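Asker: For the record, the sequence lines run as chains A and B. Position 707 (the first sequence) corresponds to 706 in numbering that gives the first Met the number 0; numbering is contiguous. Position 665 (the second sequence) corresponds to 664 in numbering that gives the first Met the number 0; numbering is contiguous.
It is worth saying that the hints were derived from the structure and are not from the lab. Any given hint could be a false lead.
Chain B residues, not near chain A, derived (Cβ > 10 Å throughout) [to be verified]: (1) Asn187; (2) Ile202; (3) Thr263; (4) Thr516; (5) Lys833; (6) Trp836; (7) Leu843.
Per label pair, the in silico range of CB-to-CB distance [stated by the list, open to error]: (8) A:His776 / B:Ala825: 19 to 25 Å; (9) B:Ile328 / A:Asn777: 50 to 56 Å; (10) A:Asp210 / B:Pro312: 43 to 49 Å; (11) A:His776 / B:Thr499: 42 to 48 Å; (12) B:Tyr495 / A:Ala825: 46 to 52 Å; (13) B:Ser170 / A:Asp210: 56 to 62 Å; (14) B:Arg401 / A:Lys545: 33 to 39 Å; (15) A:Gln806 / B:Ala825: 55 to 61 Å; (16) B:Tyr774 / A:Ala773: 20 to 26 Å; (17) A:Val318 / B:Ala483: 39 to 45 Å; (18) B:Ser170 / A:Asp741: 37 to 43 Å.
Heads up, simulated SDA-like pairs for lysine to any residue below, C-alpha to C-alpha not over 20 Å straight-line [stated by the list, open to error]: (19) A:Lys550 / B:Pro868; (20) B:Lys833 / A:Thr787; (21) A:Lys833 / B:Tyr819; (22) B:Lys876 / A:Glu552; (23) A:Lys748 / B:Lys719; (24) A:Lys160 / B:Trp464; (25) B:Lys719 / B:Ile627; (26) A:Lys748 / B:Ile752; (27) A:Lys833 / B:Trp824; (28) A:Lys833 / B:Asp818; (29) B:Lys833 / A:Ser775; (30) B:Lys833 / A:Ser872; (31) A:Lys550 / B:Thr869; (32) A:Lys161 / B:Trp464; (33) B:Lys748 / A:Asn851; (34) A:Lys833 / B:Ala844; (35) B:Lys748 / A:Val858; (36) B:Lys550 / A:Ser872; (37) A:Lys550 / B:Ser872; (38) B:Lys550 / A:Ile871; (39) B:Lys748 / A:Ile752.
For clarity, every value in this text was computed on a predicted model and none was experimentally measured. Each residue gets a CB set at the ideal place from its N, CA and C atoms; glycine is no exception.
What follows is the residue order along each chain.
Number of protein chains: 2
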Amino acid sequence: MDPENLPVINNYLDANEPVSSEARLSRMHFHDNQRKVDYVLAYHYRKRGVHPGHGSPGPSLAIVSNGETGKEPRAGGHGDIELGPLDALEEERKEQREEFEHNLMEAGLELEKDVESKSQGSIFVRIHAPWQVLAREAEFLKIKVPTKKMYEIKSEGSITKKFNELLQKLSSPLKPRVPEHSNNKMKNLSYPFSREKMYLYNIQDKDTFFDNATRSRIVHEILKRTACSRANNTMGINSLIANNIYEAAYPLHDGEYDSPGDDTNDRKLLYQEWARYGVFYKFQPIDLIRKYFGEKIGLYFAWLGLYTSFLIPSSVIGVIVFLYGCATIEEDIPSKEMCDQQNAFTMCPLCDKSCDYWNLSSACGTAKASHLFDNPATVFFSIFMALWATMFLENWKRLQMRLGYFWDLTGIEEEEERAQEHSRPEYETKVREKMLKASGKSVVQKLGTNMAEDEDEDDEDKLTWKDRFPGYLMNFASILFMIALTFSIVFGVIVYRITTAAALSLNKATRSNVRVTVTATAVIINLVVILILDEIYGAVATWLTKIEVPKTEQTFEERLILKAFLLKFVNAYSPIFYVAFFKGRFVGRPGSYVYVFDGYRMEECAPGGCLMELCIQLSIIMLGKQLIQNNIFEIGVPKLKKLFRKLKDETEPGETDSAHSKHPEQWDLDYSLEPYTGLTPEYMEMIIQFGFVTLFVASFPLAPVFALLNNVIEVRLDAKKFVTELRRPDAVRTKDIGIWFDILSGIGKFSVISNAFVIAITSDFIPRLVYQYAYSHNGTLHGFVNHTLSFFNVSQLKEGTQPENSQFDQEVQFCRFKDYREPPWAPNPYEFSKQYWSILSARLAFVIIFQNLVMFLSVLVDWMIPDIPTDISDQIKKEKGLLVDFFLKEEHEKLKLTDEPAPRSLGGGRRSRSQAASSAPSGRSRPGSITSSASQHTNV
Amino acid sequence: MDPENLPVINNYLDANEPVSSEARLSRMHFHDNQRKVDYVLAYHYRKRGVHPGHGSPGPSLAIVSNGETGKEPRAGGHGDIELGPLDALEEERKEQREEFEHNLMEAGLELEKDVESKSQGSIFVRIHAPWQVLAREAEFLKIKVPTKKMYEIKSEGSITKKFNELLQKLSSPLKPRVPEHSNNKMKNLSYPFSREKMYLYNIQDKDTFFDNATRSRIVHEILKRTACSRANNTMGINSLIANNIYEAAYPLHDGEYDSPGDDTNDRKLLYQEWARYGVFYKFQPIDLIRKYFGEKIGLYFAWLGLYTSFLIPSSVIGVIVFLYGCATIEEDIPSKEMCDQQNAFTMCPLCDKSCDYWNLSSACGTAKASHLFDNPATVFFSIFMALWATMFLENWKRLQMRLGYFWDLTGIEEEEERAQEHSRPEYETKVREKMLKASGKSVVQKLGTNMAEDEDEDDEDKLTWKDRFPGYLMNFASILFMIALTFSIVFGVIVYRITTAAALSLNKATRSNVRVTVTATAVIINLVVILILDEIYGAVATWLTKIEVPKTEQTFEERLILKAFLLKFVNAYSPIFYVAFFKGRFVGRPGSYVYVFDGYRMEECAPGGCLMELCIQLSIIMLGKQLIQNNIFEIGVPKLKKLFRKLKDETEPGETDSAHSKHPEQWDLDYSLEPYTGLTPEYMEMIIQFGFVTLFVASFPLAPVFALLNNVIEVRLDAKKFVTELRRPDAVRTKDIGIWFDILSGIGKFSVISNAFVIAITSDFIPRLVYQYAYSHNGTLHGFVNHTLSFFNVSQLKEGTQPENSQFDQEVQFCRFKDYREPPWAPNPYEFSKQYWSILSARLAFVIIFQNLVMFLSVLVDWMIPDIPTDISDQIKKEKGLLVDFFLKEEHEKLKLTDEPAPRSLGGGRRSRSQAASSAPSGRSRPGSITSSASQHTNV
């Protein structure tokens, strides 16, 4: 373990030394043109003693510096007195960097960096992982690599096969033109890399055996676990970046995506075949995406692709449902009756004093429009969509399994767990603080000395529930406050609508289009509020999760997602829930209206029913959110940021290296890109959209169409972002999409209830049905409108609420209002009538039947579709068998079997494989490894 | 692999040779007193040529014989002509046995059997597994054994610790007095057995290192996979037993449970501390049970124990709810009003003609009784029970994990999968038949020759959907038929009740107690039918599953369970569902009753409400089923069988060995026990009981008490059966209770809906609530009875249905009936009134709220209780770390590390363990095994 034996190679190149860029083969290698740059660490340096004349030091920088020096007074001999606090910090950082880089070299990595020649500037530490490091780490990380053995993937029965071939032919123009990584018919048997079993693998070139993503993953793994004792014993690059010791750490892109020549690289290929709007109709090259960006991002795009393709059938059916509404609009008896001028119903005034009696036929337009969305087909459609959601989730599970099989992800739970075990820097700091507080100096001593054996004292160095309590309380309080804030904003918009409507109806000129104006402005206010709060809540959720100090990155991510989802869900849907279930239900009745404030009546739904309004609300919020978020937040803001940075660079004096800007190295180029910050926002946007598509599909059957259109763009937009605008993310292995799946299935379940209520409560479906079968004289809907309207004796209007100067052309004795109440001449006038209760019973019965039926069907679908596709589970079993056979053969060739006879029975049975498996352990040479290989394949 | 090298030891002892039983140490060893008998194969032989004079050959035997000989004519030279078909069969079997036993010996097992000295008799082949076989197979099966390394199980915080200690002290008299296998504070680190790593384990005595259950498991594994080429290439002992070649195969019990001396064995210990009614109050010695019977049976008793202990709180609360009902019975206004003689309601006659008007106060008793079960506390109780079910399932998951950790079951998926791969003999036969049919002779050739390499031809030798279709169709049809049968029996009982009631009410003498007689007899008929059908359906389910020809034992078991559960569930619950939800709802109303047959009115509920009747039905069926099934089927029938066998033995001439009967060997004793047939009936009984406890708990809060009482007995009854009455079962490893868990959670979910409906529809809870808050004048229930009764004008009774010679003491103009209908003087008489609809709305709203609330709470409980107990997951992580450390240490001691330095960074950080883990792969010597060991611990 002594450092002398280490193959440390360290190049400190003078950046001013002229190196002709022509002479270099690629801009992704060390200056010796041989060693590939696998990772880059970037930091900003400022020479000692040179106080920057321009650009005042950032305040945060100064604070950190004071805090650090105050706590740990320097004891070095660098002339402490002359050093300003900034310099001391710089010096401290430099030493930490040096130690860290030394440790990296000790771990076997090779580093190259330019000399700090100027008074300040950016330095890029390039890291190369030589073969022995790669091999060692690949073995440790159990990275599965292809072995020499290929095997045929079993094809299905002849009919299915032919059908598949036909499908392949038909869809060939839709296929992206990328080289096939995994031949469709053959698959390499994969096995975790092991230096002892090199003969298993087909290693032609040690430089390219591991692809770039794997190489950078390996380096990242080393970076994460290398400690830096100077920096408070922190572990890994993440802590160092958090402490501003390094500025950035990223792997390199595979070259430029828009280079003019014929030279291809994976990035360029991805750009041409995937990340352009021009190829929107093509399938995604998922395997290539996974190869380039890693499994986590690959799974995201696979999920997005499946979701988008699942939207196609639901869009088609949604459009058909809508067209059915259009086609039957003329046959709809209730809207015909409403539009009938002769048989006009005199309606009670919509507001006190200033509003007049009005004729129901004036609401003819909205009645017709509402039929578009409120017809029996929507009931069918919402059942369909509930099952669609289940089908989608089931198919995703299957696709996930399939990808897991082809990407050799079966059996990686262990790695995931290891990833969990890296504590977050913030957690470490907190624990350290706690220990310092708790036992003062003795602990500090312990920290320094016997920390290596403190396994039994785990209890002390973790946060207990007590430590976390303030954080949890803060979280709980803040989330409650945020939700309350959202609700009060919704209420504020309601008040706005009520007061504005009242104010506008006073003015005769504006009275005619009061409703349109008020609705439109209110929805736009809602939309703007949603968009603003969405951003705020995202930040708040991050802040709250930081307060909680979760131990590992994974818990951090999960809690952040849960919080952000809760807040954004409430934010996006509360106005919609209000319109769907509460608007117009607390109006009261003529003569005893409910007043919000003095003189302002609660708002009613439009005469066409609340469903129409719900539909408007939904479509505007959904479309607006998508359009604005896509255009402004995802396209506009990054462009603005870029522009801003460019301007800043230009205004700053030319300390930047002009040579670099002419022939920029790949690390310079990548440094200028935005850092990758995780997939959460992308998933979140899609999940909220999934909510729009499923939760209220009963009221807006066109939602899937709009979602589909959005997603076709979204896929390419995200692709472009990943390929051209972001630094290359670290390749992260994962088997599934994690908590998002739970959220999706939660939304799916909730959508059943929500749709049941929309159909039962908001739409007119149930009243029509009841009328048709219980009250109608001839089984048709003739007379339905009359049936839904109650009578009111205008003489009973409260004093001061009668319409002033009524211009209604006839004498009004009774006005009508939409409710089921006893007529004025009944013994108990204006009480809810028997019809009201019978229709309510029918509505509730419908909810029960719908909910339980759909839930049952979902469970059935879930049960009928196996989670693991049959062919994949067969393949996995087969692969396991093949692996044992292959091993035995290879071992046979290498070593002689010199053990006692295997328990192979004489009878030459038909079960050759199971016998082979049973005789496996008799081969004495490391049975552990053989069986471990098998276990890799079965833990599905 | 040549047989000469095999250490075959074979003793053929002449049974007549006198061996003094005193000289032998134990009756569980070979005659050399050294080698332990691990397994016994029993068969019945009949000497060639000796035609048995007594006892005609069983018909099934003859059929098999003819079929076998017809297909494969013998070619041997044993004088074919003289041999009868029986003899030929005997000879064939003998040869098959010889081959099989030869193969077993070749696999390393050692056999001993007595000489076939008489003309016919039972022969026991005793099997002993020597150390090298045990070691080989233990390695292959990856049996986890304790290593030398012990470690302390982390104790919780100080308060929890003290509390636990107190609890331990208090419960110490309840603990069974068995030696602790696993010390509570320390646990041995376990690691799969490997012959290369013998130094890891603490092997003191090779004869006892593997306990008896493990030894027999290993032998059973060999027996299962040893082929017998003569018997149509069948694999394993199960096929041979199915083909009557052997009669039985069982491991030996650990001695006698009632031996008088002080010598203890596990069986005796189990009997004394577990399998007696005298120790009913004690905890179960789960670890000992698992050690003796294996994990599968251990899990069953652990589950049963948890279920029983969970019944305690629910029983207590159930009793409290019942007592609350008793206490408030005098304050219940509706029943007081009903009993009030002065304010009597004249009710309409209960049947046509022969029944008279009656006074509601005559139903005073039932009204009071029904209050016991129909009070607001039951609503609370059914919410409680729904959450209880969720809690129970969650806690079971945790206990399962905990047991899995202590029993070293983490990471045995692979073995389970291997177990699946053994095809069932029936499946094999079917496939062979198919292949024979399909391609005639060529396949037969293939069978004989190149079967070893037919991996790519899997498609041919498996059953496709087409082959299975008839089976599926038959299944579907039969199940439908069975369900229809059940329903028609329920309907038959209804008709019985209606007609009997009508017949009895004609007779004046019997009229007074018509209702009691009819209800009682009907319930008893129901009970008897349920008990009979239960047995029939069990057999039918087995038969149907056999028709289906599932491939593996596991699918067979799962499908059998599903089918049996479906049939038995429908059988047990359909009469109860009828009473709960349908009885009395289709009666019609006075003047327009619904008639089943000419003149027979649909039955009504008793005046106290249907809930009372539901309660009676439930209690009688539940209690009767439990009592009768426990007493007759589980105690009586086995005793009868024993008696019958004894009688038969006595009547048969004395060919049985008198020496054996005096000093019977353990295998003789065990042979006389019943064979073990699986846990399905035990689970099924408990699951059906779980249904009684949860599904209708709203109507019968005492169900948990009865279940508890039953289970306290049931545990000991089952225990006794396993210890004293059954042959020792093969120890089967399994991590969970499989499909039963899904069924349990399905019942749990269904119980929410069912209870919601019982409270809403069957009980009077909602009508009372509605009356109290909407109709009552003073907010009390005064007048409720009057409110629930509608008026009927007796003059409108149909001609011929009026009471003949009414003896009612006053003139009746209006009679009352229990329904919400308009009075005769309303404009639309006898239509459902507004009250009806409003109460219906309230009922349905209650269902929706109850269902969604309880489901939400269940999800919350599920989410809040982690599936893996925190301490266990910590332990598993810790164990993984320790294992790596331990390994490294042991390997260090054995081998010098001669690899390049590990990627250990210099900074002596606090993270000693993670660094140890990260440096693990640098130890070159078989890293595969180290990491595989780790994977064993993480696949939780």
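Asker: Of all the hints given earlier, name the ones this structure violates by number, lowest first.
Answerer: The structure conflicts with hints 5, 6, 7, 10, 15, 23, 30, although it agrees with all the remaining ones.
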